[in-house]
Each structure stands twice: as C-alpha cells, then as structure tokens.
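Chain by chain, the residues:
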Amino acid sequence: MMKIFSPFGAAGLAVAGLLASGSAQAVDSSFSNIRHGKELVDAGDCVSCHTQQDGGKKFAGGRAVETPFGTIYSPNITPDPETGIGGWSDAQFYQAMHHGIRPDGKRLYPAFPYPYFTKLTRDDVSAIRAYLNTVPAVKSPPRAANLTWPLNHRVFMRGWNMLFFTPGTFKPDPNKSAEWNRGAYLVEGAGHCGACHTPKNFLGADKTSQALAGGAIQDWFAPKISGDLHDGTGAWSVDDIVAYLKTGRNKFSGATGLMAEVVANSTSKLSDADLHAIATYVKTMKPEKNPPPAPPQARMDDPKMKAGAAVFADSCSACHGGDGKGTPGLFPPLAGNANVQQHDPATVIRVILDGARTVATDAKPTTSAMPAYNWKLKDDEIAAVASYVRNAWGNHAPPVDPGQVKAMRENLREDHASGS
Amino acid sequence: MSAPNFNRREMLTAGVLVGSAAALDATDRAQARSISGDVPWQEGQANKPDIAKPGTYLFLTAAEAACLDAALSRLIPKDELGPGAKEAGVTFFLDRQLAGPYGEASHWYMQGPWKKGEPTQGYQSRMTPAELYRAAIKAIDAHSGDKYSGKTFSQLTAAQQDEILKGLEKGDIDLKTVDAKSFFTMFLQNTMEGFFSDPLYGGNRDMVGWKLIGFPGARYDYRPYVKKHGQKLALEPVGITGRPAWKPA
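Line order of the protein sequences matches chains Z and C.
Each number in our numbering corresponds to the 1-based position in the first sequence with 26 added.
Each number in our numbering corresponds to the 1-based position in the second sequence with 304 added.
Everything labelled a hint here was simulated from the structure, so no lab data went into it.
We put the CB at the ideal spot given by N, CA and C, even for glycine.
Any given hint might turn out to be false.
[Claimed, not checked] Computed list of chain Z residues with no C-beta within reach of chain C, every gap over 12 Å:
#, residue
1, Pro94
2, Gly113
3, Asn400
[To be verified] In silico DSSO-like cross-links for lysine-lysine, where the CA-CA straight-line distance does not exceed 30 Å:
#, chain 1, residue 1, chain 2, residue 2
4, Z, Lys332, C, Lys515
5, Z, Lys332, C, Lys531
6, Z, Lys404, C, Lys551
7, Z, Lys402, C, Lys352
8, C, Lys474, C, Lys382
9, Z, Lys332, C, Lys352
10, Z, Lys402, C, Lys357
11, C, Lys352, Z, Lys432
12, C, Lys470, Z, Lys332
13, C, Lys536, Z, Lys332
14, C, Lys536, Z, Lys351
15, Z, Lys64, Z, Lys83
16, Z, Lys432, C, Lys551
17, Z, Lys332, Z, Lys277
18, C, Lys551, Z, Lys351
19, Z, Lys332, C, Lys532
20, C, Lys532, Z, Lys351
21, C, Lys352, Z, Lys351
22, Z, Lys64, Z, Lys197
23, C, Lys357, Z, Lys332
24, C, Lys536, C, Lys515
25, C, Lys455, C, Lys420
26, Z, Lys165, Z, Lys84
27, Z, Lys402, C, Lys551
28, C, Lys357, Z, Lys432
29, Z, Lys202, Z, Lys295
30, Z, Lys351, Z, Lys309
31, Z, Lys404, C, Lys352
32, C, Lys531, Z, Lys277
33, C, Lys455, C, Lys485
34, Z, Lys402, Z, Lys432
35, C, Lys515, Z, Lys402
36, C, Lys531, C, Lys382
37, Z, Lys277, Z, Lys309
38, C, Lys382, C, Lys357
Input sequences plus hints: build the corresponding full structure.
Here it is, written out as structure tokens:
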C-alpha cells in the first residue's frame, strides 16, 4: 500500500509548486456538492474541535485542545470574513487543508490534522468549502495558543513538516477492492483516526511504523485499532465495528470519553457503506511489525492479584460478571476486552476512578454508565483490581502500579477543576 | 413541665407544605430529587455516602460520651459472643450522627401546630435529636445523682444502670425536661443502627455486628451462590468501603 508518512518529505518544493499554480477555482455550490461536503465534514468530525464545549456556536472555534506541548485553541471556520475563513480564497483553503499553511504564510500546528487532510482530493476539499460556506457566520476572534518552546514558534513547524509531513493526495491501491480503498481514504484522510490511535514521537508526530497501534491522549489511551487479536480489532467482525461506529455500542464495548464525541458527531452520521469500508480497511491493517513482547500473565496467587480478585468480586462482578463476561450490549465484557489489555493502562485506571458513560445515539438512545470509584477505592486497591482485570480470564497485560493510579487521580482532579 | 409533644399529621397531609419544607432544606443529602431529561451523570462524581471522619468527638462532651458508653454497654454488652456496642464504636457513630443532618432533624418537619400525637405517629418531640440527647443525658445523670448520692450514670453498677434503663423504657422515670420513653426508644434504635450499619458511618467497627449475626455485608450479587443449596457459604462480610482482603498483603 501507499507510504502514508515518509519522513524528510519534499514539503518545501511542493508548497512552492502549489503557490505558483494556485489559480482561482470556483466552488461548486450545487446542493449535491454541498451535501457531499457535509458528509466529509461529518467524516472529519470538524465540529468536535471547532466548537466550544457546552453550547458553543457550531464551527466558531475556541475549544481548548490539550497537547503535550501546551494548549491550542481551535480557530473559527465559519464564513465570517473577519474572524472566520470567509475572506479566504478557495485556493487558500486548499493550501491550509493540503499543506497546513495559512493564507498569511504561517504554518498551522498539526493539532489541525493536515497530515491526514492532505490525502483528500481537490474536489472533496472544494466540497468541504462549499458546505462550510453555508454554515451561519459567527464573529468570534481566534485565541492565541499557549505552547512551550520550541513549538510556540510557528517557524519551527517548517522543520517539523520537513521531518514528518509528506503532502500528497491519496492514491488508491489497484490490488485492493474499491471498498478497501474507500475505507483507507476515510481512515487515512478525513477520518484522521491515527491522530488519536497512532502513537506519537517526542515531537508529537505519528510513529508511522506503528500506525493505529494506540496512542495516549488527554489522560485516555486511544486503543490499538489495527487487526491484532489480543489488543486490536482482530476479534471484532466487520459488522461489530460497523455497529460500534454507528450506534456507539456492540457486544464488546461502548464508546465513551473522546470516542463518544467522535461517534456522536461523526461516525453515527456516516453511511453504512462508508462504515463498512472503514471496518474492512481497519481490520486489514497489519499488526505491529515489532510489537513489544507480550508480558507474562500475572500469577493469580500473587498477593496483588488476590486483592484485586477480592475488590472485583465485591465492587465489579455484579455488572461485569464474576467470569468477566459482562452483559453484552449493556455491561462490557472484560474477558478478552482489547481496551482493558492495552499496554498503557490509562483508560482502565481512568474509568475505574471516574466512571464512564456510553454515548447516546439515535440507534441506541439510552446510555449506560459506570459510577466513579474515586471516593471508594484507594490507589493500591485500584492498582490491584486493574491488574486483576488485565490478567484474569486469559487476559494478559502489564500490572498496574499504585503510583500510576495516584498520578491519574491528580491529573483528573486538575482536568475537572479546569473544566476540561 | 410535661414533654413537648405535638401532632404533625395535619401538616404532613398538606403535601404542598411538606414539599416546600423539603425545598427549603439546605442540606440535600437525605433528600429525594426530581429528575427529568437525561439521567444525571458526570465523570468523577458519585452519589456517595458521607464517610465519618475519624478524630475527636464533634458533638458529645466527655461527660456525655461517658454516659452513652455506659448506657449502650448495657444494651449490647461485651460478652462471650464478642464485642459490644461500646467496643464497636457506637458512641462515635452517635456523635457523628448527632453532629450531622440527623442531629439537626434536617429532613423532618419540625414546625407547629404543637398537639399531642399518638404513639403510632412516631417521634413527636419538638426537640431535634441532638437537643433530645443533650437534655436527656443531663437529666439521666441528674436522676442517678438524686437517687445514688451524687453519682453520675456511668459511675453506677451494671444492675443500677439496668434499673434506670428499664425505668426509662417503661416511662416510669420522669426526666422532667424530656420524655423518657421517647428518648429510650430513639437511643435503642440508634444503638442498633450504630452496631449494624456500614462501618463507614463510624460504628460496627471491624464489622463485628455483621460477624455476630452472619450478615455478609454490602454485596451486589448473589448469583454465584444461587445453586449452592444447603451449603454453608461462610462469606466474609464486606463494607461499602471494603474489607481486609482488598489490601495487597
């Protein structure tokens, strides 16, 4: 298949070429093109980042996006000419989407996933613009990012792009089915799944050799979604993945946290054909080339496992079942659960501390929720029960240390205090 | 002065007023809530009980605590079956209850009209539980001082204490400022609550009350045991905040 992200790409040359050929191209504002653009905007989940939480005006920006390097505030992408993108030409819009460069020549930060949007065809980008032209204009000035050195200098992004960014429209693989190629286009392009689900290097760029192998984000761990059986989507059928993306739930899991937003704002709105294509593609994503060696399964006669078993029996088993099989569709099974067995235990610890609620969708309007245990279980008790569920019933994943629970507890306290 | 009794039934039947009394209550811990729309849920938030904080007494004076220690040691004494109410921390439990919304009667209707009620109508005193305990302990110590040459209740022999407690239970003793029977009824009830309620409230220390009667504690789920007919399960009791087995050895 295509090489998604080659380091040391010829970004500078491509930009120069584009600027030279940036001719005025009128956007097709027919209804069908606008509708096509809306489908792509849904697939890209633009609204989640470009809208403030708790009642912000759609696409007016201002949402804080936490990154390991500081906070970025999403810009206004409504057609307001002064504070939005109404003053941009269509060529300038394409330049931002394809090259990550603003009309003033400054480079965008890859919190805006242009390394993915560069895969979009010119026609599709035009359709997105056509749709965004129709959303209500909102006057809302952009807010400056608050980043650490050296990323606080946008000029630094020139070097970042040279290292980590290869502009280029998606090229279908003629040896694969049309459905697979459609899925690849959505996942690697508009859907930008890897923005969360691919691990990042120390400068926040995708580790391209581990595409979709799971990534840490905002005190969650976005799980591995490549086709691995143990901790990926290997055990899920195509229909299971479609059900998850469409309804927010399947017999294995329910979408919560950041993925709840993705399902609510994006995947639940996609056509069944597109969801089927995504699932077909994701499942064929190869397991990691050099996965870390599987940790030895913890022994159940270990004191920590015995304590974890006791906590589980008293606090968890009523819903998740003593055998870890849960009640499919309502209480997720933990036995064989890929999310529970990620090498990074952030999600397991977080859900035990804070609880979780599945997303409500048109197909499954009733949410199910797990309560918070932060008031009830101490750090060592959570470490014990997390280690237990990661190693009981044939599961295996590294045990959890009380220090990891303590750190997550403090992070979440700060997150809640700051309202994020 | 006779005990200040009143009949609250007329007011209780006036649902509107009961509703507004509840709405005026600043502490919503013990209150029912009306919910519409989505089921409330917020990450990190739990509808959690108030866990009794360890430390010194918040409501009781040392003399009051000594009186209660002695009295509840007669209601549930330490014996060959195990620790009694005092050893189970019931005085501490009572202190935390009296210092909190229960002591303030914060979820009870406590306004007039003040008429004498029937025994079937439950607690009828104008006093909050905290006021009742404070006045009753003072009166009981005064009563035992009158009868036993200046000794407080806690300084009496067990037989003398039992005699006074029986007198309170039957209403034979006139405590003058409070209704003896009302106090005894509440005190006995509260002592049992402290001995058998979850340890997080400060009593039932080490789940001794549950161990005594074989209650397995705050368990969610008995499905694994449904088919174990006629077997002794010997389940270790578990409190809401845990049991010793939760701690990695």
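Hints versus structure:
1. Pro94: 21 Å, holds
2. Gly113: It holds; Gly113 (chain Z) is separated from chain C by about 39 Å at its closest Cβ, greater than 12 Å.
3. Asn400: Violated: least Cβ distance 6 Å, not greater than 12 Å.
4. Z:Lys332 with C:Lys515: Holds, at about 22 Å.
5. Z:Lys332 with C:Lys531: 24 Å, holds
6. Z:Lys404 with C:Lys551: 9 Å, holds
7. Z:Lys402 with C:Lys352: Holds - the C-alpha atoms of Lys352 (chain C) and Lys402 (chain Z) are around 9 Å apart, at most 30 Å.
8. C:Lys474 with C:Lys382: Distance of about 24 Å is within 30 Å: holds.
9. Z:Lys332 with C:Lys352: 26 Å, holds
10. Z:Lys402 with C:Lys357: 14 Å, holds
11. C:Lys352 with Z:Lys432: 20 Å, holds
12. C:Lys470 with Z:Lys332: 49 Å, violated
13. C:Lys536 with Z:Lys332: At roughly 22 Å apart (the allowed maximum being 30 Å), Lys332 (chain Z) and Lys536 (chain C) satisfy the hint.
14. C:Lys536 with Z:Lys351: It holds: about 27 Å lies between the C-alpha atoms, which stays within 30 Å.
15. Z:Lys64 with Z:Lys83: With Cα atoms ~17 Å apart, Lys64 (chain Z) and Lys83 (chain Z) stay inside 30 Å; holds.
16. Z:Lys432 with C:Lys551: Status holds; Cα separation ~16 Å.
17. Z:Lys332 with Z:Lys277: 28 Å, holds
18. C:Lys551 with Z:Lys351: Holds: Lys551 (chain C) and Lys351 (chain Z) sit about 25 Å apart, inside 30 Å.
19. Z:Lys332 with C:Lys532: 23 Å, holds
20. C:Lys532 with Z:Lys351: Between Lys532 (chain C) and Lys351 (chain Z) the Cα gap is close to 21 Å, so the pair holds against 30 Å.
21. C:Lys352 with Z:Lys351: With Cα atoms ~27 Å apart, Lys352 (chain C) and Lys351 (chain Z) stay inside 30 Å; holds.
22. Z:Lys64 with Z:Lys197: 23 Å, holds
23. C:Lys357 with Z:Lys332: This hinted pair holds, its Cα atoms lying about 29 Å apart.
24. C:Lys536 with C:Lys515: Holds - the C-alpha atoms of Lys515 (chain C) and Lys536 (chain C) are around 14 Å apart, at most 30 Å.
25. C:Lys455 with C:Lys420: With Cα atoms ~34 Å apart, Lys455 (chain C) and Lys420 (chain C) exceed 30 Å; violated.
26. Z:Lys165 with Z:Lys84: It holds: about 12 Å lies between the C-alpha atoms, which stays within 30 Å.
27. Z:Lys402 with C:Lys551: 13 Å, holds
28. C:Lys357 with Z:Lys432: 21 Å, holds
29. Z:Lys202 with Z:Lys295: Satisfied, since the Cα-Cα distance of roughly 26 Å is no more than 30 Å.
30. Z:Lys351 with Z:Lys309: Status holds; Cα separation ~23 Å.
31. Z:Lys404 with C:Lys352: Distance ~15 Å between Lys404 (chain Z) and Lys352 (chain C) Cα, so the pair holds.
32. C:Lys531 with Z:Lys277: Holds: Lys531 (chain C) and Lys277 (chain Z) sit about 27 Å apart, inside 30 Å.
33. C:Lys455 with C:Lys485: 22 Å, holds
34. Z:Lys402 with Z:Lys432: 14 Å, holds
35. C:Lys515 with Z:Lys402: 22 Å, holds
36. C:Lys531 with C:Lys382: Since the Cα atoms of Lys531 (chain C) and Lys382 (chain C) sit roughly 37 Å apart, the hinted pair is violated (cutoff 30 Å).
37. Z:Lys277 with Z:Lys309: Holds, at roughly 17 Å.
38. C:Lys382 with C:Lys357: This hinted pair holds, its Cα atoms lying about 25 Å apart.
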